[in-house]
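Asks: Now for the letters of each chain:
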Amino acid sequence: MVFALITCVICSAFICIAAVSLKTRIADNRLLDKQKKVLIVTGLMEEGEDISPEEVTKRFETNIVARVIDLETGEYVPEDEIDPHTFDQQSELSDPALSRKAPPNTAQVSRLPLHAQVYHVMDGDKIKKIVIPVEGKGLWSTLYGFLVLEDDTNTIGGITFYKHGETPGLGGEVDNPKWKAKWPGRKAYDESGEPAIRVVKGAVGPPSEDPYKVDALSGATITSNGVSHLLALWLGEEGFKPYLDKFRSEHGGTEAG
Amino acid sequence: MSAFGKAERHILIDPLFNDNPIALQVLGICSALAVTTTMDTTVVMCIALTAVTALSSASVSAIRLYIPHSIRIIVQMTIIASLVIVVDQILQAFLFNISTQLSVFVGLIITNCIVMGRAEGYAMQNPVWPSFLDGIGNGAGYSLILLGTGFIREILGSGALFKHQFMSLASEGGWYVPNGLMVLSPGAFFIIGFFIWGLRTWKPEQVEAE
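Heads up: the protein sequence lines correspond to chains A and B, in order. Sequence positions in the first sequence follow the numbering used here and run 1 to 257. Sequence positions in the second sequence follow the numbering used here and run 1 to 210.
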């Protein structure tokens, strides 16, 4: 009994020392990885391109503007209220004052934050693309990713999942560049303005023929459905639709809805 | 007992060919299939497993006379799990890209039969230094098979080695059409099968009696 206790205490101490001393390094690595993922999904960096952390930060800061929005109204939150660079959407979810219970949804997301991060890819002063964070349940884990929309708020520019715990080779193929390449050019919303993009089984043609469908991953039905569900949630009324509608009316989009 | 006498050399070298954990003991196959598609992940996995096996065997051996017999497996598990968690943290801190590619397989070192097998089968009955060497030896035997498998799979499966493309791919205007079987897990199974066959042809004493 005593032996077991001592073993547990020593092992715990060992793990804690390692975790605490490596914590900032790991956090920096994760932030850099997230910035890289945003750069890759917006085409500002090639997948697998080897550039220094300073270059990643530089490209990010030159081309990307981070904003924070109120998720329900779609309004921008003033920068002096919430700093977009240090804003952590995930931490809002664990604070009852900064999140709310999510309405029933197929993505199995239990809480929604009050504020959300959006990124604008700039070309000079013009906003060329919008990057929205998306998340939802796959098979084994929650998938966290980014969806890129062109400035018409409907054409999809790309998708990437920067964090997930799906089975490598099956659901994990959401990371496969060949699958990610099927997304650009598809449409997020249909003519009536409802979220329409789905991941479906069976052959899917090019974006001009099948604008609302993406081919599912072989052997990964639940992960593929998870992707459809999380997109339906975050492109819908409870997600970024209020923001995207506002954006479209302000910037004069051409799509209906 | 000297530090590197004949007995110690045997402990280190036997697991390479005479008593290979994958080829003879048939342990640790799953990670051998999963991480060997490229050489970088293979090398990191080999180092991680060797470190964990050596350190866990040494730790278990150090306290072997004090572990109550009835809880010994759980105690071994606790030590192995703690070491793997720390190794995972170190990888995330210093080799972040590789750790994302290895993803869950670093955590799965806890379940790798080689680690538990050596802890229970050798470290519980032997002193610290031989146990440490035994961990290194078995890690080296595992690494030998993994590096061989990774080498073949990366060259034939993607025409590259350590991500340096030296056989230009047909899909990019070159001549080499990658062998799809090598990229899939069954390809690794076949390669390991060939290794086992080759090893037993060289050392017929390893063939089980019918």
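Hints listed in this document are in silico derivations from the structure and should not be mistaken for laboratory results. For every residue, glycine included, the Cβ atom is placed at its ideal position computed from N, Cα and C. Possibly wrong hints are sitting among the right ones.
[To be verified] Reference listing, derived: stretches of chain A covered by chain B, where coverage requires no fewer than 3 residues with Cβ under 8 Å from a Cβ of chain B:
1. 1-10
2. 194-201
[To be verified] Result set (DSS-like, lysine-lysine): computed pairs, CA atoms no more than 25 Å apart in a straight line:
3. A:K163 to A:K178
4. A:K37 to A:K178
5. A:K101 to A:K241
6. A:K241 to A:K126
7. B:K6 to A:K163
8. A:K128 to A:K37
9. B:K163 to A:K180
10. A:K101 to A:K137
11. A:K58 to A:K23
12. A:K128 to A:K34
13. A:K34 to B:K163
14. B:K163 to A:K37
15. A:K178 to B:K163
16. A:K163 to A:K182
17. A:K201 to A:K34
Asks: Is K178 (chain A) close enough to K163 (chain B), meaning Cα to Cα at most 25 Å?
Replies: At roughly 18 Å apart (the allowed maximum being 25 Å), K163 (chain B) and K178 (chain A) satisfy the hint.
Asks: Taken at face value, is the distance from the CA of K137 (chain A) to the CA of K101 (chain A) at most 25 Å?
Replies: Answer holds: K101 (chain A) to K137 (chain A) is near 16 Å, not above 25 Å.
Asks: Holds or violated: K128 (chain A) with K37 (chain A), Cα cutoff 25 Å?
Replies: 18 Å, holds
Asks: Do the alpha carbons of K6 (chain B) and K163 (chain A) lie within 25 Å of each other, as the hint requires?
Replies: Distance of about 49 Å is beyond 25 Å: violated.
Asks: When you check the alpha-carbon spacing of K201 (chain A) and K34 (chain A), does it fall within 25 Å?
Replies: Not satisfied, since the Cα-Cα distance of roughly 30 Å exceeds 25 Å.
Asks: Hinted pair, alpha-carbon criterion (25 Å max): K101 (chain A), K241 (chain A). Please report holds or violated.
Replies: With Cα atoms ~18 Å apart, K101 (chain A) and K241 (chain A) stay inside 25 Å; holds.
Asks: Given the hinted pair K58 (chain A) and K23 (chain A), is their alpha-carbon gap at most 25 Å?
Replies: 24 Å, holds
Asks: Can you confirm whether chain B covers the segment 194-201 of chain A, using C-beta to C-beta distances below 8 Å and requiring at least three such residues?
Replies: Violated: only 0 residues of the segment 194-201 of chain A have a Cβ under 8 Å from chain B.
Asks: Check the hint pairing K163 (chain B) with K180 (chain A) against an upper bound of 25 Å on the C-alpha distance.
Replies: Holds, at about 21 Å.
Asks: Taking only the CA atoms, is the gap from K37 (chain A) to K178 (chain A) under or equal to 25 Å?
Replies: 16 Å, holds
Asks: Between the segment 1-10 of chain A and chain B, are there enough contacts, at least three residues with CB-CB distance under 8 Å, for the coverage claim to hold?
Replies: Result for this restraint: holds, n = 4.
Asks: Verify the proposed pairing of K163 (chain B) with K37 (chain A), using a straight-line Cα cut of 25 Å.
Replies: 20 Å, holds
Hint compliance for this structure: hints 2, 7 and 17 are not met, and every other hint is.
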